[in-house]
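For the sequence shown, the tail end lands on 435 under this note's numbering, and the numbers increase by one without skipping.
For the record, the hints were derived by calculation from the structure and aren't laboratory data.
Don't be surprised by glycine CBs; every beta carbon is placed ideally from N, CA and C.
Honestly, I wouldn't trust all of these hints.
As the list claims (entries may be wrong) - Using C-beta positions, here's what the derived DEER-type ranges look like:
1. V408 - D120: 19 to 27 Å
2. I119 - R272: 17 to 25 Å
3. A164 - G350: 38 to 46 Å
4. D120 - P354: 25 to 33 Å
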Amino acid sequence: MKPETANPIYMDGNRMATVVGFAAALAVLGGLVWFVGIDETLDALTTADPWALLAVAGIAMLWLVSWGLALWTVLRALGAPVAPHTAVLVFVAAVFSNNVTPFGQAGGEPVSALLISTAADTEYETGLAAIATVDTVHFLPSVGYAIVGFTFVAAGAVQLTRNLAFAAGAVAVLAVGIPTAAVLGWRHRDRVQAAIIRGVVPTLAALSAVVPRWSPPSAENIETRIAGFFSAIERIATDRRTVLQTFGLSAFGWICLSASLWTSLYAVGAPVPVEVVLLVVPVGSIASVVPLPGGSGAIETVLVTLLVSTASVSAALATSAVLIHRVGSYLLPTVIGGGVAAALSVDRVASPEE
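Generate coordinates for the entire structure from the input sequences, incorporating the hints supplied.
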């Protein structure tokens with residue numbers, strides 16, 4: 082059951098939302114730099130160690146490769162194998178879709194699933210299950226790193242500041258709240274499936290009345306797709322080898338992201354203890370749920386706030402380091418992934434289904 086071609090009206094609306102989102106993200110980033118000091122931030126950026134900047138780019142590439150290989154292991158377990166380098170490129174394209182849609186991964190996963198299903202020549206729900214599984218596995222090591230980082234940071238703190246209290250709450254959400262919701266959702270997946278059908282079918286029927294030349298899928302079709310998605314998730318969860326391989330690659334990717342931020346701080350002359358970046362990188366990723374493209378603007382603000390409160394780093398140095406880090410972990414994969422996504426789209430148009 083392959084995905085259908087996106088409706089032009091939807092694409093235009095999504096493009097407008099992206100433009101508005103990027104404008105808002107730039108406004109937030111501009112406000113952050115203005116607040117901490119434009120001149121100080123620019124001075125730190127212009128005097129950054131060039132070799133360290135190259136290292137940040139290299140570390141970002143290692144992160145993309147490790148998480149791309151995590152996607153490769155999952156696709157192989159689902160019976161939709163692709164070459165390792167193809168999986169890496171598809172993952173970079175998926176990162177692009179996350180980075181240009183509001184709410185980060187939550188907003189970009191449907192597009193990511195379409196890219197994966199196109200590259201792997203498989204059903205849409207298989208692609209959705211693959212990216213959902215990879216994102217879920219990525220969550221697990223981030224919790225461990227955040228707990229370890231917070232434990233050491235809190236042990237060395239003179240007092241629990243407001244920002245450290247925020248970090249503690251964020252770690253608690255990562256460690257308890259999200260897993261609990263996931264377990265409950267899985268145990269009651271039949272009810273979740275029924276609720277989705279009850280909500281989606283009338284909505285699609287209403288859209289079909291205003292969108293020309295488009296027929297919505299039937300309730301039976303939607304039910305089959307959702308069942309296929311849950312079946313694919315269950316298939317991966319029972320494959321211990323795949324879970325362990327994916328977890329290991331994910332854990333290495335988080336180390337790379339933390340190393341990227343640490344190296345960025347080193348580049349501007351403000352190295353920090355390792356436990357600091359182990360804490361702030363996973364906690365900062367929570368900000369990707371805000372309605373900005375890839376969480377841009379919000380993530381930078383959270384990272385700067387936590388760095389200033391957990392390490393002896395000025396706001397200007399923290400901001401400059403975070404901007405360098407985000408060039409490697411946000412801008413670089415967005416540029417590369419955009420090209421890959423465009424190539425996949427062209428290939429799909431050039432080779433339509435019979």
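Hints versus structure:
no.: 1; hint: V408 - D120: 19 to 27 Å; in the structure: 20 Å, holds
no.: 2; hint: I119 - R272: 17 to 25 Å; in the structure: 52 Å, violated
no.: 3; hint: A164 - G350: 38 to 46 Å; in the structure: 42 Å, holds
no.: 4; hint: D120 - P354: 25 to 33 Å; in the structure: 28 Å, holds
Hint compliance for this structure: hint 2 alone is broken.
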